[in-house]
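Asker: Single-letter residue listing:
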Amino acid sequence: MATSGSLICVKDLKKHYKGGAIKALDGVTVDINKGDVMVVIGPSGSGKSTFLRSLNLLEEPTGGSILFDGEDITKKRYKNADGKTVKLDVDALRQKMGMVFQHFNLFPHMTILENMTLAPIKVKKMPKAEAEKKALALLDRVGLKDRADAYPIQLSGGQKQRVAIVRALAMEPEVMLFDEPTSALDPEMVGEVLDVMKELAKEGMTMVCVTHEMGFAREVGNRVLFMADGQLVEEGTPEQIFGNPQSPRLKDFLAKVL
Amino acid sequence: MDSFVKMENFATVAKYSSLFAQGLLVTVLLSIFTVMIGFCIALVMALMRLSDIRPFRFLGIGPDGYQRESGALAVISRFNPVSFIATAYVEVLRSTPVIVQLFIIYYGVFGIFDLPNFTMFGFIKFPRFFPGVVALGMNSGAYLCEIIRSGIQSIDGGQTEAARSLGMSKVQNLRYIVLPQALKNILPAIANEFVVIIKESAITYTIGVQDIMSAVNAVRGAAFVITEPLLVATGIYFCLCFPTSKLIAYFERRMSHGDKR
Ligand SMILES: Nc1ncnc2c1ncn2[C@@H]1O[C@H](COP(=O)(O)OP(=O)(O)OP(=O)(O)O)[C@@H](O)[C@H]1O
Ligand SMILES: [Mg+2]
Numbered sequence: 001m002a003t004s005g006s007l008i009c010v011k012d013l014k015k016h017y018k019g020g021a022i023k024a025l026d027g028v029t030v031d032i033n034k035g036d037v038m039v040v041i042g043p044s045g046s047g048k049s050t051f052l053r054s055l056n057l058l059e060e061p062t063g064g065s066i067l068f069d070g071e072d073i074t075k076k077r078y079k080n081a082d083g084k085t086v087k088l089d090v091d092a093l094r095q096k097m098g099m100v101f102q103h104f105n106l107f108p109h110m111t112i113l114e115n116m117t118l119a120p121i122k123v124k125k126m127p128k129a130e131a132e133k134k135a136l137a138l139l140d141r142v143g144l145k146d147r148a149d150a151y152p153i154q155l156s157g158g159q160k161q162r163v164a165i166v167r168a169l170a171m172e173p174e175v176m177l178f179d180e181p182t183s184a185l186d187p188e189m190v191g192e193v194l195d196v197m198k199e200l201a202k203e204g205m206t207m208v209c210v211t212h213e214m215g216f217a218r219e220v221g222n223r224v225l226f227m228a229d230g231q232l233v234e235e236g237t238p239e240q241i242f243g244n245p246q247s248p249r250l251k252d253f254l255a256k257v258l
Numbered sequence: 001m002d003s004f005v006k007m008e009n010f011a012t013v014a015k016y017s018s019l020f021a022q023g024l025l026v027t028v029l030l031s032i033f034t035v036m037i038g039f040c041i042a043l044v045m046a047l048m049r050l051s052d053i054r055p056f057r058f059l060g061i062g063p064d065g066y067q068r069e070s071g072a073l074a075v076i077s078r079f080n081p082v083s084f085i086a087t088a089y090v091e092v093l094r095s096t097p098v099i100v101q102l103f104i105i106y107y108g109v110f111g112i113f114d115l116p117n118f119t120m121f122g123f124i125k126f127p128r129f130f131p132g133v134v135a136l137g138m139n140s141g142a143y144l145c146e147i148i149r150s151g152i153q154s155i156d157g158g159q160t161e162a163a164r165s166l167g168m169s170k171v172q173n174l175r176y177i178v179l180p181q182a183l184k185n186i187l188p189a190i191a192n193e194f195v196v197i198i199k200e201s202a203i204t205y206t207i208g209v210q211d212i213m214s215a216v217n218a219v220r221g222a223a224f225v226i227t228e229p230l231l232v233a234t235g236i237y238f239c240l241c242f243p244t245s246k247l248i249a250y251f252e253r254r255m256s257h258g259d260k261r
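Residue numbers (the working numbering), protein chains in the order written: chain A, 1 to 258; chain B, 1 to 261.
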């Protein structure tokens, strides 16, 4: 069913509020392929977060469809490969999509290690020892193994966000969604988080990143989406978007941020 | 003119000191059980109030496919019967006197069938103690419900989003993420409710629970003195409640320090 190679096919996606008076998303169509590092840029209020959050159904779209691995996840019930009608398992779906938030959203009442092992143990039913071993290996990769027993409040913003990223990775997702992961950080901490994301991209992780870090978009992204007023205005490679912008809105936006 | 209190009357009261000691134990046990029952009721009621069960949701979709913003159908579509029941429970119990509730439970509900007639510790009469705990527990459940509800609502929505995005179900999110944080925040409020119940439990003497107040009554009936036993009861209640409140305030301060670290 799926277009060959596409992990996620978004078609005419809409999210309207107040009887259509507010169109946070107004017909977005895009395919996300395996291994893509897709960077979403656009002015404030253009619907970037809404787009990202729709992908793992933290927002329920009001129109259009999202095919993930060929299944339409916007339908509460759908026909599976055998032609049987089954109920969509939103929890199972979300396990395949890691999400990283602007404000980290670590669980403050748990240690870093507990933050990382809770979902693998409770959701994936992984044995505790195995989950902890995995978590420590992941923490080691982001240089935070020695902070495993600390509480989130004892970490800096950059450290918190690195933990948030590996917490999502501990569920072994197929795609990672980032919503402005560096916007709440002090400038000197932005680099350490972007480095982790770059590393991840190099390993071939499929990523969708909403960010204001144009340098990151240029260097790491293989596709850039420019959104405005809930619509996908322009899409292309970083070279096309930054080097040869077409629409006046994009030119205007780039003039402001670069 | 008679003086307000007479020393020799205190000597009379002293003869009944074992009654006061038993009363103290009854009051404390009654309050502990009440808070436990009240907490369980409150937790269920709070979750009911926060539930999202709307059987007529479909009526809220207009012909244009959008959610209706106003009108009778929009109101009906938002109706949540589960939440309504919990809200009704809370409002009724908070808007009627405790003594009325106590009498309804004791004479009305437990009047129609017999409770096992045994005594605990040799002096706590279960058929009176139990209805007292149920009535007070139901009443404090209504107040605790609002405390728990606000505790749950005070947890940042980002916590739930993070939990759900990791694939946790609604129940897992509640159990592992939201409730532990909410309960920690409202622990002082729950402890305060305990102090309130210690004081409020005094009315259970009206259904024959042998608490501190009933010791006062017993002395009055036997020795025809009232002011002095009342002052003794005042002292006991104060010694029970005042240090508890201070202790709670102390831990509350310490906990808020911890959060600012
Ligand atoms: N619950 C809501 N009710 C009404 N309007 C909403 C709601 N949520 C979002 N919107 C509107 O939808 C539009 C898109 O919001 P969104 O958060 O997706 O923008 P964004 O591109 O992420 O902006 P930012 O860069 O500021 O994060 C905004 O105009 C916003 O006001
Ligand atoms: Mg946003």
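Among the clues, some could well be false.
Claimed, not checked - Straight-line distance between alpha carbons at most 25 Å, and here's what the computed BS3-like set of lysine-lysine pairs gives:
1) A:K128 - B:K125
2) B:K15 - A:K87
3) B:K246 - A:K75
Claimed, not checked - Quick look at which bits of chain A chain B covers, simulated, 3 or more residues with Cβ under 8 Å:
4) 15-21
5) 85-97
6) 105-117
7) 164-174
It is worth saying that the hints were derived from the structure and are not from the lab. All C-beta atoms in this analysis are idealised placements derived from N, C-alpha and C, irrespective of residue type, glycine included.
Asker: State for each hint whether it applies.
Answerer: Quick rundown of the hints versus the structure:
no.	hint	in the structure
1	A:K128 - B:K125	49 Å, violated
2	B:K15 - A:K87	73 Å, violated
3	B:K246 - A:K75	55 Å, violated
4	15-21	holds (count 4)
5	85-97	holds (count 5)
6	105-117	holds (count 5)
7	164-174	holds (count 4)
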